[in-house]
Each structure stands twice: as structure tokens, then as C-alpha cells.
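> The primary structure of each chain is shown beneath.
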Amino acid sequence: MISGTIFDIKRFAIHDGPGVRTTVFFKGCPLSCWACHNPEGQRPGSDLFLRDERCNACGDCLEVCQQAAISQSDAAVHVDRYRCDLCGACADACLRGALELAGRSVSVDEVIAEVERDVVYYDESGGGVTFSGGEPLFQPEFLEALLQESRKREISTVVDTSGYAPRSVLQDIADMVDHFLYDLKLADEARHREFTGVANCSILDNLNWLSEHGSSVMIRLPLLPEVNDDESNLSALGRFLSSLARLHPVDILPYHRTGADKYARLGRSYPFPQQRLPDADTIATAVQLLEQSGLTVTVRGETYAVE
Amino acid sequence: MPLSDRVRQLRDQSLNAPATLSAERAQLITQFYKQDIGTVSNPVRRALALQYLLERKHIFIGEGELIVGERGPSPKAAPTFPEICCHSLDDLNVLDSREKISFKVTDEVRDIFRNEIIPFWSGKSMRELIFEEMTDEWEAAYRAAVFTEFMEQRAPGHTVLDDKIYHKGFLDLKQDIAARRERLDYLNDPGAYAKQEQLKAMSICAYALIHYAGRYAQRAQRQAETEQDPRRKRELKRIADICTRVPAHPPRDFWEALQYYWFVHLGVITELNTWDSFNPGRLDQHLYPFYRTGLHEGTLTTDRARELLQCFWLKFNNHPAPPKVGVTAEESSTYTDFAQINTGGVKPDGSDAVNELTYLILDVVEEMRLLQPSSSIQLSKKNPDRFLRRAAKIIKTGFGQPSIFNADVIVQELIRQGKSVEDARNGGSSGCVEVGAFGKESYTLTGYFNMPKVFEITLNSGCDPRTGQLIGVATKDPATFDSFDQLMEAYRQQLAHFVDIKVRGNNVIERLWALHSPTPFLSLIIDDCIEKGMDYHDGGARYNTSYIQGVGLGTLTDAATAVKYHVFDERTMSMEELLTALRRDFEGYEDVRLTLLERTPKYGNDDDYADGVMRHLFEMYLAAVEGRRNTRGGIYHVNLLPTTVHIYFGSVVTATPDGRRAGEPLSEGVSPVQGADRHGPTAVLRSVAKMDHVRTGGTLLNQKLTPGLLDHEDGMSKFVNLVRSYFRMDGHHIQFNVVDAETLKAAQANPEKYRDLIVRVAGYSDYFCDLGKTLQDEIIARTEHQTF
Chain P
564 MISGTIFDIK RFAIHDGPGV RTTVFFKGCP LSCWACHNPE GQRPGSDLFL
614 RDERCNACGD CLEVCQQAAI SQSDAAVHVD RYRCDLCGAC ADACLRGALE
664 LAGRSVSVDE VIAEVERDVV YYDESGGGVT FSGGEPLFQP EFLEALLQES
714 RKREISTVVD TSGYAPRSVL QDIADMVDHF LYDLKLADEA RHREFTGVAN
764 CSILDNLNWL SEHGSSVMIR LPLLPEVNDD ESNLSALGRF LSSLARLHPV
814 DILPYHRTGA DKYARLGRSY PFPQQRLPDA DTIATAVQLL EQSGLTVTVR
864 GETYAVE
Chain R
2 MPLSDRVRQL RDQSLNAPAT LSAERAQLIT QFYKQDIGTV SNPVRRALAL
52 QYLLERKHIF IGEGELIVGE RGPSPKAAPT FPEICCHSLD DLNVLDSREK
102 ISFKVTDEVR DIFRNEIIPF WSGKSMRELI FEEMTDEWEA AYRAAVFTEF
152 MEQRAPGHTV LDDKIYHKGF LDLKQDIAAR RERLDYLNDP GAYAKQEQLK
202 AMSICAYALI HYAGRYAQRA QRQAETEQDP RRKRELKRIA DICTRVPAHP
252 PRDFWEALQY YWFVHLGVIT ELNTWDSFNP GRLDQHLYPF YRTGLHEGTL
302 TTDRARELLQ CFWLKFNNHP APPKVGVTAE ESSTYTDFAQ INTGGVKPDG
352 SDAVNELTYL ILDVVEEMRL LQPSSSIQLS KKNPDRFLRR AAKIIKTGFG
402 QPSIFNADVI VQELIRQGKS VEDARNGGSS GCVEVGAFGK ESYTLTGYFN
452 MPKVFEITLN SGCDPRTGQL IGVATKDPAT FDSFDQLMEA YRQQLAHFVD
502 IKVRGNNVIE RLWALHSPTP FLSLIIDDCI EKGMDYHDGG ARYNTSYIQG
552 VGLGTLTDAA TAVKYHVFDE RTMSMEELLT ALRRDFEGYE DVRLTLLERT
602 PKYGNDDDYA DGVMRHLFEM YLAAVEGRRN TRGGIYHVNL LPTTVHIYFG
652 SVVTATPDGR RAGEPLSEGV SPVQGADRHG PTAVLRSVAK MDHVRTGGTL
702 LNQKLTPGLL DHEDGMSKFV NLVRSYFRMD GHHIQFNVVD AETLKAAQAN
752 PEKYRDLIVR VAGYSDYFCD LGKTLQDEII ARTEHQTF
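Residue numbers (this note's numbering), protein chains in the order written: chain P, 564 to 870; chain R, 2 to 789.
Fair warning: there could be bad hints in the mix.
Stated by the list, open to error - Simulated crosslink set (DSSO-like; lysine-lysine; CA at most 27 Å straight-line): (1) R:K691 x P:K715; (2) R:K397 x P:K573; (3) R:K746 x P:K825.
Claimed, not checked - Computed beta-carbon distance windows for the label pairs: (4) R:S652 x P:I565: 21 to 31 Å; (5) R:T573 x P:D751: 53 to 63 Å; (6) P:Q629 x R:T573: 15 to 25 Å; (7) P:T859 x R:D570: 46 to 56 Å.
Hint data in this document are derived by calculation from the structure and do not stem from the laboratory.
Computed from a predicted structure; not experimentally measured.
We treat Cβ as the ideally placed atom computed from N, Cα and C, and that holds for glycine.
Just chain R, same shape as in the assembly:
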């Protein structure tokens, strides 16, 4: 269906607006912290800070908009969070001038940073606090890129909303808070006062958002008074009415429901720059009652619902991810903030959740063709094939969306982690591929973990070969090992060592956030923070999980397999010879490199030799991380996803025994090494399914398919068969890049002609021409499963 004039104009505006860096939030938060507000508790201070922001933030109602409210003062104007990480003038220059993913910075903004923001926050930001508290060994491992740290410039907040806002207004939440305060037991509960302060802060936040919506109501009313076009006048009056109603009260219809969510979204992303992906969760489930009632009563049409959803979609696209600082500013290669809207799955009673609205939302995904929000389908064995076919038709158009998740396995994963059946069924995936109990869980991704780097350090007896520094355990010279088991034991020791360092750091960082930067607004909407009287950062959520995301499983597997095969089993080369070749980056050892590359079992080919090594390494990683305790009363689990970090991680790993040269990217997600899979997609899926996805919190598998495969009904059926088979084998997630290599090469040569080409990068999609050349080359190299 063609877009309405309104939506087309809004879409053009959103796509054409340049990303800019706005000083508004930085300036307001600085003013707030400069004031003397007397002695207040930290949660209350943070709540008052949010109130200060929401009372003063610029109000923006764009022409023709039906859903209102922006993160910055206008579309694509990105705020900063100096209390968390303060941009230096150098950072601003990098952001302004870099070729890809730039943020324009005006001289005025530079002056504000120079004169007001940097002087005030220097030495005070969370980032500086965190780095100060880290140990030398943490710093050595961090610098060597054994792991990254998510919370050094963004707040922990990886969560998704459930359906509570569709039944409860913020006034109801305030009442819940008041009732909870009534029940505080100051006589017997030593935490009563802390709870009181936390509850007080949440109440302030609830008020702050209602007030913010009121400002929109006033503005819309004023605009309505001067509006000449009678149709727009009516719309503005309706918007004023809606903003008076929500979020104070529960929504009465489809439009109010969307606007309510959007205000809540703005509250979350104004309070802190949470990692990442905050989104409405099961949108087709939440909105369905409003949709059905509206149609039934004649107050809503399908076209109107479609247009409202399209306007809602554009709000996400107006928000580039917060600009990064330091080395991340130089390397970050995406504007996306991982808001992933999902459809399908199962209802709380376990039955098929797909409804008419599911299909309407998928129409919107296809018609809008936007990077943000990202979209996914949660495919249960109970869902009809029509649902998967509808998704496949969108995938075929070549912008990498929607990705496909196994709803039944996600339920298993969540139940294994201790969630109730209902909470598990109401959950799903978010961000890239991470699972969560929506509205009830704080699931913090703490950082990427460079598994091939640890293997490289093992081969160098604990030293980082790039610096010669001993950063791991001083394990024995691998040349003295007489069995593969000895090598694996040394790897296990190094792994445990670095996971220890990471968890120790995390446990301090979690406390720093809980103590210095509580998040009362987010706590308001995540169960059971009100009931516990505790902050989201401090264990207030019903479930509290921490993850360390393993990266490079394919590279690690192929590297370890090559050593096992050539050094220990077949004895085609000695360990010394192999290590020498690696140290010289295969210079003068081309035959060794080719042997490793061409004469070695590889993961991704349904080869039990290599896949057996993969399983072993997967179990080792699981054993190293799984079950460790965090400081919020929860435990650690693993997931396996890279976003784009496999490129950065690869750049700091020297040559590996799989034949990879120094600096080349690592494999991504749980996908095989780029180009190593040579037996087609059924073999890849079989290999990948040999790990136990149920014991992870998410795995990411990228597959590239040429459009030809999906050309005919028959091809579409085979696609459905392929996905259903992978899910029968308990695969967690699969996503497809449906483009041919020739198109990508042409796009690389003539980017101006392919600006619209969107490809799936990892857990998200991006404009191909916005990607750096290395990433472009990699996507081209990903094995094409062309059939003829």
C-alpha cells in the first residue's frame, strides 16, 4: 500500500535530516547540578534531575505528526549525558568530521562544551569514576582488548517494557508507590529509609512525565488555535486531548496507547543513555485489544491504525544512538540503537499469538523500510507458516529485516534461568538477540569477550604477542604439550583468569551505578522495583541477570581444530613450526597457511571433528561464566553475539591457526568463519545447532541468501523448511542478508547509486554505504548459498 502524503513527508524529513549533536540536555543537567538543592538522597537527586530536564526540554511538534515528542530538541538532534561520560572537544571534532556516522557540531555547541560542560564535569563523570576504580590487571586486559566494558559510557538498562502501561496510568503507579510507602516497616526493616527515598524518587519521576505530557498538550492546544487547515486543527486538538489523558491515565484507544508508550520511551532515554534497545516488546499483543475494539466500534480503521503505526515508527528513526566518546567514537559504526520491535510468539497461556495486527505491523515494517526500529518475528511451532512467509517476503526485499527468533526456545531459555512460565512466554528477544522477561528483568550486557584473543594468549604462555606483556596466567610453552587436552587445560586456565578479572570489575561497576546513578524512572515501570522499594540498578527488578558476550566462536573453533588436527592427530606440522608461522604472520609460510585453510576440518560444514571441538569450547565458555553471582542478587549467563566488535577484536589478534592473518576480522556471532562453510546452508545450520542454545541467553547466526532463492513459491517453501528445521533443532535466531555479491561490489564501487541498500550487519541492519570498507568486504565474503 502506498504511503500517505503525511507519512511520506515525515519519512523524507526523518531520512534527510542530518544527525546533529545537541547541547540542550548537557546544558540543562549541568545547570541542575550547579544549583544548591540542599542535601537530598541520590535517588531523589536523580529524580529531580529528570524533572528539571522534562520541565525545560524543548517541545517539538512536527508538521503533520500524529505521535509527538523527541529525545532532542528536533529530529536527529542527539543529546549527550555528561554526568555519565563527558565529550571532550577532540571527541566533538571526531564526531563532526568523520566520514561515516557523523554528528554535526556547530561552533555554538562547541563553545557551550568548552565553557560550561567540560569544566564542570571534568573528573566527575561516571566514566572517570569507573576507570579510577579498576585494577591494573583489569586495565591491562581491557587495553589488550580481551574484553570491552559496556558501562563505561552508557548506563545499564538493557530491558524491554511489558503490557503494564496499557492497564495503568502513571497516577495509578503513584498510588501503588504511596500504598507501598504506607507499608514500610521502620521498626523491623533496616532498609526502610532507603526504600522510602527510592519510592519518593519514583513518585517524582511519575509526576515529571505527566507534567511533560501536559506541556505537549498545551503546545498542541496553542497550535490548534492558530491552525488554518481544519483537518490539522482537529488533529492538534485530539493530540492535546491525548497528552492530557496519557500517561496520567490508562489509554482508551489505539492512538492513546501508542502515544503513552512513546512518552514512557522518552522518559527512559532522557533519564539515562541506557544500553540499549528499550522498546515496547510484544507490540502486536499489547495493541491488539485497542485495535479490535476500535474496529468493532467503528472508531478506528485499518488505514488509520497503519498510519499511526507508521508515525510511531518514524519516532524511532528520528533518534540516532547517543554519540560515543573516546576510541568508541572513532570506531562505532552505527546510528542504530537496537530497538527491536517483535511480533508473533505465544500468548501467556502458550497458544499461538499471531493476529491480524501482527500482519499489519509487518506491512508497516515493509512499507517504512527504516533502520530503526529494527524488527523481528518470534516464530513458534504453533505459529502458521503464513506468518513466516510474510516475513520472508520482507526479507526478500533486501533490507535485512525482520530477523527470525525461535519463540519456543526462548521460552525454554528463560525458564531454565528461573523465570515463571508466564513471564517466559511474555518475554522475547531484544537488542541484537538477547532474551528477557519483558517488564520484569534487568539483563545487563556487561561487555564483549574476545575468545580468540584468549586462545592467542594461551599459545603465548600468558603473554600478549603484540606487546610482549604477561597479562594472563604463565602457562607452559605449548611446544612442550604432548596432547590437545593439555592445550585445552591451559586455555581453560586463561579463560577463568580473564573471566575473573571481568566479573570482579563488573561487580564494582554495578555498585558504582547503584550508588551514584540510580534510575528511578526506569524503576517505576519494571516489576518489582516498587514492591521491593529498590532501584533497577540495585536489584529491584524481579529477575537480575548479567551477561558476558562471547565473540569469535567460529575463529576460536577453527584455530583450535587446526592445532588438534595438524599438530596432535595427523602430525603434519610441529607446534614450533606452527607458532613460528603465526609469529611471522605466515610471511614465508604460505604453504602452512594454505594447509591450515584448505586441508583442515572447519566449523560450519556439519563435520563432527570440527563441530566436536566447537562443542567443547562452547561448554568451556559456559562453565567459565555461567552461575557466577552479580551484585544485584542475580547470576551470570552467556550469550554469543558480536554487533560489529568482531572487527575491532580481530584488529588486535595476531595470526591464528585457522589460517587467518593478523588483524583480519574474527567470525561473528555463532556463524562459521567467513567463507569456511562450503557445504550449503543445511550443513551450516546442523553445525550451529550442535551447541546447546537453550543454555545461552541468545546466539546470533547470519546467513546470506541471494534473492533468486525466494523468487518462486517453491523457493519460498524451501526457505520456510530451512528455518523451521533449524528451529526444530533448537536454534535460537537466524537472520538473512538477501543480496548478491555483485550488487554489493557495485555498491562499493558506486556508493552514490546504492544509498538505499540496507544489509543485515549483526543483530541489526545498516546502510551498506555507511559501513567501513572492512565490514563491507566481510559482508561480500560471507558465503553465498546460491542455488542453480
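Just chain P, with the same shape it has in the complex:
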């Protein structure tokens, strides 16, 4: 039985494609975007969350840690992330939920059983399952098996991806995906590399192929002031998108800081502490720039009304 690593299954997901959906979050991502809001999705293995506000320094975790990776001060515990081997014993011992392991290995059957629970809601709403992450294409066999099983059960499928994957992976799954949510950030390769850690040529090529292939695709564009909101970037993206075989709608996702807390819980520093939030003008300008390329643009799934 094929299995994979996920960090969450979220039911009543209502922003990850049409209708009421269940979103399966794959763990592991080849990108490391500055603005990542699910940093626990980046590494392929497990991660340990430590929520200081829930810890009352009871010391239960110290006793079970075989690596002596946990130390204690008056009000909180500290995890030595180099020593920690992510065995999860401390999280099991922590009844207050201050320590929690993100990431678990699950079989295709387990995931599908969970997904199937909400079939009545999918039927009623035209929803289904969304595979997100992390990067679902980063675990291709697992994804393919899940898509096959979903297909068998006539559950509609959405894949939420950065598009960074070998073409063959995309080719293998494209016909089993009803709808892609496809992230685009930057047109310029050097800046893309700086911001996400990888080059964007395969991302753009894959999108080109998907468009030609006839797949249903919605472009998702995280909007970050001073990173990708400039006219040259947005116009370049607009030109690229309007050059594809078909015109795909674009949904702008204004940057938010919900990822910052998660970085802290992972013991990592937030790569982007000074990033400001996009204001209404920034968003309106971005909408206009993209619309100039003949694209249909929404913001967080809604038509954007310029005030």
C-alpha cells in the first residue's frame, strides 16, 4: 500500500476550490518562499511545534526525551532543535498540547476514508477533495494513487501546486485532476530564485503545457509589496498568461502574516519580519495591471470592487 506524509486534513475547506471541500496538506516542498504561511509544510519529515503560551513548564517532556534535547526555565521549556530527533515522545507526553508533532505518515486508504466522510457535503455543494501542501507534486506516487482512488469514487479533485515538478509528473496526473490552483509569484528568474529558492522556468513551462493540454487552471498570485507588486513584474506575468493557449482566471491573494507564529513555534526565525501588508491601492493597481492583459482577476475569490 502506498503511503505518504501529510501534516493536516482540513474539512469544511471553503477557499480551496469550488464548493465545500476537504483539503489534504502534503508535507515537503522544494520551494522555500519567504512568505510561506505553512512553514511546517516545507520539510519532508516531521517538525516539532512548541507553543509557549500553552506550556506551564510541568517538565513531563524532559523525562521522556531520550536525546536530552529539552531544557527548562521558570515558565517554559526550550527545545534544542539540533539534538531533537523528532521522535515525538515529548508531544505524546504533553497533555496541554504545547508540544505537537507536525507530519505523519498515512496510507492512501486512510486519507481516502477521511475524505469520503464528507461526500454528502460535496454532493450538495459541488465540492470535493483538494490536495495542497507543502507541494503535492513532491510526492508523485502518493498523489497519483490518491487521485486514482478519488476518481473511482467520483469525488472531484483539485490540486493546489507551485508547478515546480518534472513535466512527467504533471503529465501522469493531469487527466485525473478536475481543476488546478497554480501559484505564480515572479516573472523574473533571478528574483524568483532569490525569493523562493528555485528557478521559475519549469514552473512557467509546466503551466504552458497544462494550458495547451486543456486542463482547468486558476492562477493564484500571492501579492507582496516591494516583492512582486511592481508594474514590470505584474505586466510580465500578464503578458505570459495572455500568451498561453487559453486565458486562465487569476486570483490575487494579498499577503498576510499568519505564517509568522508558525515559524516561531518551529523555532525558526521569520524570514520576512519587515514585510508590510498590501494596502487597498496596491491591490487595486495589481488588479488593473493584470486586467490590462485581458485577464479575469479576483481577490480572495471575490470580484474586486475599486472604491
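Got chain P; can you put chain R on it based on the hints?
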């Protein structure tokens, strides 16, 4: 649409008038019973008492009112019913001085109670009679709060009206009665004389209400004569005309129909202080012919219909629930009397019943924004989504109305109980969530039943741990059980024991009401009391149902699940260890408490382990209650609703194995334990739908949603999907509190700034700032299904 000046003024008056306690009814009823009226039968005596009241009750026509008649002498003046339960001077002080839900009591009223009312009724009230007749074991269980008793201070009368008054005047009813009397068979029917007396009493009541309306006609005519404003003069003349016409004759138009209903409503709530919720039932169906004809003939406009409905709404809001006595006076935390006006559903032929008037009524609900009447929609799969969206837009404004019922499941529930298809389709929900065949059923709610308390008693071998007294069956020490089944068997025995006690008590109480306090007025309007010649309290209705309302299913489930999981399946702790932790209220056992709380399957998460236990417990409760016979020729069914009693019940239950500390509230309705559901609303609804709602007479599910969810069209669609899905799974009812926790916390800190904040409490809504802190905290804690 903005309110008219008239409606705005009436609304302000209604909202600003302080609730007061009026001695009028108490004084009149006392005078009546003091008179020597000779030897008459009990039904006739009660009918004459009503006539006495209606002939003397103060007539009140407020400035600008279009619908007239008050329960008390003026808006928000609440009468009392000393023949049922007599307020002591202490009760009056509690009502007058308590912080929330007070009733102002003047010195004059106190004097009347001291000198006239208390001396006369002392030892004679129904309440005293009832308590006298109860057994020691009943009293022990009642004191331990295993159950409550609805009829100890309010009359049984839980019913709703159908469409008969829109076709028949009270003179027609009198004719029906006369014709029935003609057919009495004194030769062969030993009950003929009793029927004669009952029919005579109904006839007196019919006359009494016509006469009462006549007094309004006279007053309106007199006021019209001196009125300077020509417009108001015309209105008063019209009111005089209407009050001459109805209730004697069937209504001719929309206005007359509303006024007719209102007189009938006043008759019901003046005769007795019925539990609860008497209301017009399918208002959009009843009024639609008058609405359509009026518009067609040009005698009515939509605006006029709207204003009349708004004036009608205000009449309900003018009536706080009758002030309680004893411990209930201290604890009761609502002014509402559960009149729930519903819209939608299906017609008698099963087709979609939503019409233009349905939407107009929903406009009125939104524009009036009142606690009373409460409102609901009866949503059938046949109704358009537009209907549900319209309701959602009102829900979104955050005053907890309307609640949403599954019309198709209600029909199934009623048919299963033996109603005809037509009667079932003409029925619906009322009160909190209870189903009934409107105009044809006496469905008595007999009291709340504290299921977690029974489980606690099971864990203590039949003893109430708070007193050490043996009040249940002396079942074995749970530490000796080797399986969960043995524990469940002990629970089953305790359950049967207490349900026996409750039903035995009910059967006596029902007889006391039937014999000592018949209700000929209510009998007049509920089928088939005239045909049977029998009183509503005595089995006169076509259908006669009794309910025992189970409370705390979520707490019970999580408690039993925790024992099954930790003691028997996973063996993470022994029964002794668990029981010791419970006895010490987890003092020194924090790890045990956290394990129970955080490392245990919980109901409300679509977890088959916990939900399986829930189903088992639900079936046990059903088996314990369902099918027992009452004394009115009907049988018992269950429903699962708490109003606010889960707080009182929680206060008398010690620590439970779900990790709940002693005294904390129980779960409410069929909702999961507050905060235990952590997988979002689809999981909650799936869990709750695993019980068989069709075999209940109503379940209550509370869900809290933040306004953000309904902000956009897309969110609205998802809301519609959620409700439709729950109803596809045969859920009975769902209601939403659309507020965010931050707002509620702010309201708790600065109540003066949030006086208008209305939240859904249970089967009804209330002002958040009027709620006690425990209830406020609980509403804040109810899991928020926020999405981002």
C-alpha cells in the same frame, strides 16, 4: 425598509417599558373564587372564572395601535395565576430586586398579595396539591435534580393553533357545540353528563371572548368620538368595527384575521399560564388568502400588510413570560415565552408552501429585531434556496433568528407518531424545537431529564455523591465491572428506575390537572375536544403526546466514552483511579483530567468510537421512555433540548469522566460538549446526524458562526450547502449564533455598549447582557468555526 413613525414609537415603548408584576388577574380570580356561585361542575367553574376575568380585565388601546388587547392591564405588566402557584412575599422580593429579568413590584401590589391573595390561596394552589401527591422517591429524585417538573407552576398546554379560526367564528364554534350536545346519548353513554358539562363550559368560554372583544369595540368607538386626528379617528372606527366582527364571525380581511388570532391568544394566556409557546402556527399559510385577495381587490397594500404584521409582532413582545415562583424565580433567566412563528414548509398536498407573504414575514422579522415572537423557517427540500438565503441574511445580522427546521423530517416524525399525512404536513415545530400537529395535538413537555446525573449515580452505585443518599438502584460497585457492557447495564437500570418515578409522577399530575383545572377555552380551539366532549387536559385532543426532554447527551457521551476508552479498552487507568479523581474533583489529579480531556475520543468530531457510544446511549434513552402510556390515551416520546436548564443541571453534577469539573454546565441540546468539537462544522453535523432524529419529537443543535463566513455570496452558498447537507442526513433543527468571541468578550466587559446584542441561547434568543455570567461564558466558549 425603515419602520413607520407609528411602528417605531410602539417598538420603543415596548422595548423601554419596564417589566412589572400586575395584581389585576390575581385579584379578580381571587374575588371570583370567593363568591358563592353555587354548586357547579369544575369545567363550568373554570369557564365562569374566565368569563369573570374577561368581563373585568382592563381595556388598553395604546396610541397608534392597530392590533389591540393586552395580557395585563398595560404592556409588560405581567399577571400571576395564584390558583396554580401563588407568589409568596419572598418571591415578590426576589422578582423585584434581582439583577436580571426582574419584575418591578410596587408596595400596593405587595399589600394586595399580603392581604387578599396569599391568605386565600395558601394551601389551595395546584402547586401545593401536586407536591402533596408526590412520593418520597419522587421528591428525592426531584431534589437531586435528576429531573424537573414542568407542571408544578405552569399549566400543560403546549400547543399551537391551526387554520380553523380563519374559516370559523366563535359563534360557529358555539353552534358546533350545540349540535354536539344534541347528539349526546344519555341512555347508552355513561360519560354523557360529563361531556355535557364540558361542552357547556366551552360554550361559556366562546361567549366570554366575544364579549371581551365587544368591550374593545366599545372603547375604540368612544376613543374615536373624541379623537381629533382624522386619520386616527378612522383607524379607531375601523378597530371598533373589527372587534365587533371578530371573533364572533370569521375574518373578512388581513387585519381582521390578525386581530382575531390575537383575541384567541389572549383567551388562551388569560385562562391559564400554559407552557408555553402558544402561537398562530403556519402564519404565512393562514394569512396568504387574505393577503392575496386584499392585494387583488386593492383593499390592502404590501406596506399596510407589513405595518399590521409589525404591530402584531409588538403584541408578543409586550408579554414577558409569567413570573416564576420559588427556586425557579431565582434561576429563570429569560423573559421569553417561546412563541415561535414559523414560515415555509409544505402545503397539505405536500407541495412547496413558500409564497410572497413568507418573504414579507421574514422582512418583518428582520426589521422588528425583537426577542418575541421568536421566528423559525421550516425548510423543505422542496423550498427554494432563496428562502434559506433570505433567512441566512437575517441570521447574519446577529440576533439568533430565525432558527432552521427540517420540514421533511418533521413530517416523518409526526407520521411515525401516528398522525395522518395531512395533519403532519400542517404541523411543524414550536416552543424550542418540539414538533406537533397544529390545532390537533396536546403535546405536554413534562420535564427535563438529567442524563449525566443518572450516569453519576451509576458510578456511585445508586447514591447521589453530593448527599450520600441512596436515591437510585443499589447497583454494583463499578470497580468490580470487567466490561463496559456491565457499566451500561447498570446505567440502564438506573435510567429505567428514574423514568419510572417520573412517569408515575406525571400520571398523577396529569389527572390533577384534568380533574381540578380543566381548560375549556383551549379545548374550544383544539380538535377534537368538541367532538369528543372532552377537555384538552383530559384527552380531548386528537393526538395526546407526553415528552420527557433528555438533557446533556454530549456530556453523557463523552463521560461514558472516556470510561470505555481508558478503563476498559486502552486500560490507561483503573476504575478506582478514575473514581478517586472524580471524587476529589481532579484536585491533585490534573494529569488525569487532561488525559480525559485531551487524549480521549469525543462526540462531535465524526469519530465513530465516540459517536457509537452516543448512538448506544441515545437508543437507551429512547427505549426507557418511548411508548409508555400517559393518562390521556396517548404515549410518551423523547426530545432532546435544554433551554437553559443544562446550567442548573450541571451545577448539581460532580466531576464527570469527560474531564468536566463539578458544577460546570452540561452540554446543551444534542450539541457536542462546549469546545470538544475540533474538526469543524461538517464533522459536528455528521456526528449529530448519527442519531435517529426521526424517532424523536425534536432535537436542538446550536452552532456558532462568525459573521465573516456569510460576508460574500460564496460564503452564503457554503452556508446553504451546510444546512442542506445536514437536512439530507435527517437532522431536525439547527440554529446559528453569528457573532465573534471578541465582540462577546467586549460585551461582557462593557455591557452598556452592547445592550442590543441578541444571541441564540437554546431554542430561543436573548439579550446577551441579560444573561448570567456562566451562560455568557458558555456562549463565548462554544466552538467557533472560523474559516480563513
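> Which earlier hints turn out false for this structure, listed by number in ascending order?
The structure breaks only hint 4.
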